[in-house]
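*Asks:* Chains as they are written, first to last, in my numbering: chain F, 1 to 112; chain W, 1001 to 1111.
Simulated from the structure, these hints should not be mistaken for laboratory data.
For every residue, glycine included, the Cβ atom is placed at its ideal position computed from N, Cα and C.
Please note that a few of the clues may not be correct.
[Said to hold, decoys possible] Here are the simulated SDA-like cross-link-like pairs (lysine to any residue), alpha carbons at most 20 angstroms apart as the crow flies: (1) Lys1070/W - Glu1027/W; (2) Lys59/F - Ser1007/W; (3) Lys42/F - Gly1003/W; (4) Lys63/F - Leu47/F; (5) Lys104/F - Gly1040/W; (6) Lys42/F - Pro1008/W; (7) Lys63/F - Pro1008/W; (8) Lys42/F - Glu1099/W; (9) Lys63/F - Glu1099/W; (10) Lys42/F - Ala84/F; (11) Lys42/F - Lys1070/W.
[To be verified] Partial selection, computed: residues in chain W whose CB lies under 7 angstroms from chain F: (12) Leu1043; (13) Tyr1064; (14) Phe1090.
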Amino acid sequence: EDQVTQSPEALRLQEGESSSLNCSYTVSGLRGLFWYRQDPGKGPEFLFTLYSAGEEKEKERLKATLTKKESFLHITAPKPEDSATYLCAVPHSGGSNYKLTFGKGTLLTVNP
Amino acid sequence: DAGITQSPRHKVTETGTPVTLRCHQTENHRYMYWYRQDPGHGLRLIHYSYGVKDTDKGEVSDGYSVSRSKTEDFLLTLESATSSQTSVYFCAISEEGVEQFFGPGTRLTVL
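With these hints in hand, go ahead and build the complete structure from the sequences.
*Replies:* Written out as structure tokens, the structure reads:
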């Protein structure tokens, strides 16, 4: 069974304090890993897609990396506006419709 | 929200009543999805569509039905709403079944 586990469940940082969020997965034949940001009361906002181990993607203070077992979302010098829930997802094993399995998310709070 | 609207945005209804949620897109994307999001469970796929009149079940499809008669519209129906269907419902679209883009959500309360 496909599983996506995110850790920690919640993370509180001071502004400027860099850290990383983890997304570990068990799926056969990974066909991509997706990161989303979700603000309270809103739909998830797409951030990155990673396809192969060693791949990295960057956007402002965020950098996503991928290994064969997990992905990390590194947050460098975060600001309060980076506070949100970060979700990762992987496509189901098999099939061609890209049904996604989501992790439960990491709630990031950045204090000024 | 990538040209996706959901209606209504909020709804309160009573147990046993039928409810229909609408997702409308202006992107002409082939794939459309309905998810529900609940504390402790995260986002779970209810149904999805890979073309007009082509739909399939997700992992939590019991009690829900869908229809897609036009590319731009995907309807989710709760035939007889139950309290366990109280949730936030998100629609998503995808051009080629890769990155999915989400709508703003509908908060449904079943009393």
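*Asks:* Each hint needs a verdict: does it hold in this structure or not?
*Replies:* Tested hints:
no.	hint	in the structure
1	Lys1070/W - Glu1027/W	holds (13 angstroms)
2	Lys59/F - Ser1007/W	violated (32 angstroms)
3	Lys42/F - Gly1003/W	holds (14 angstroms)
4	Lys63/F - Leu47/F	holds (10 angstroms)
5	Lys104/F - Gly1040/W	holds (7 angstroms)
6	Lys42/F - Pro1008/W	holds (14 angstroms)
7	Lys63/F - Pro1008/W	violated (36 angstroms)
8	Lys42/F - Glu1099/W	holds (18 angstroms)
9	Lys63/F - Glu1099/W	holds (18 angstroms)
10	Lys42/F - Ala84/F	holds (10 angstroms)
11	Lys42/F - Lys1070/W	violated (26 angstroms)
12	Leu1043	holds (4 angstroms)
13	Tyr1064	violated (15 angstroms)
14	Phe1090	holds (5 angstroms)
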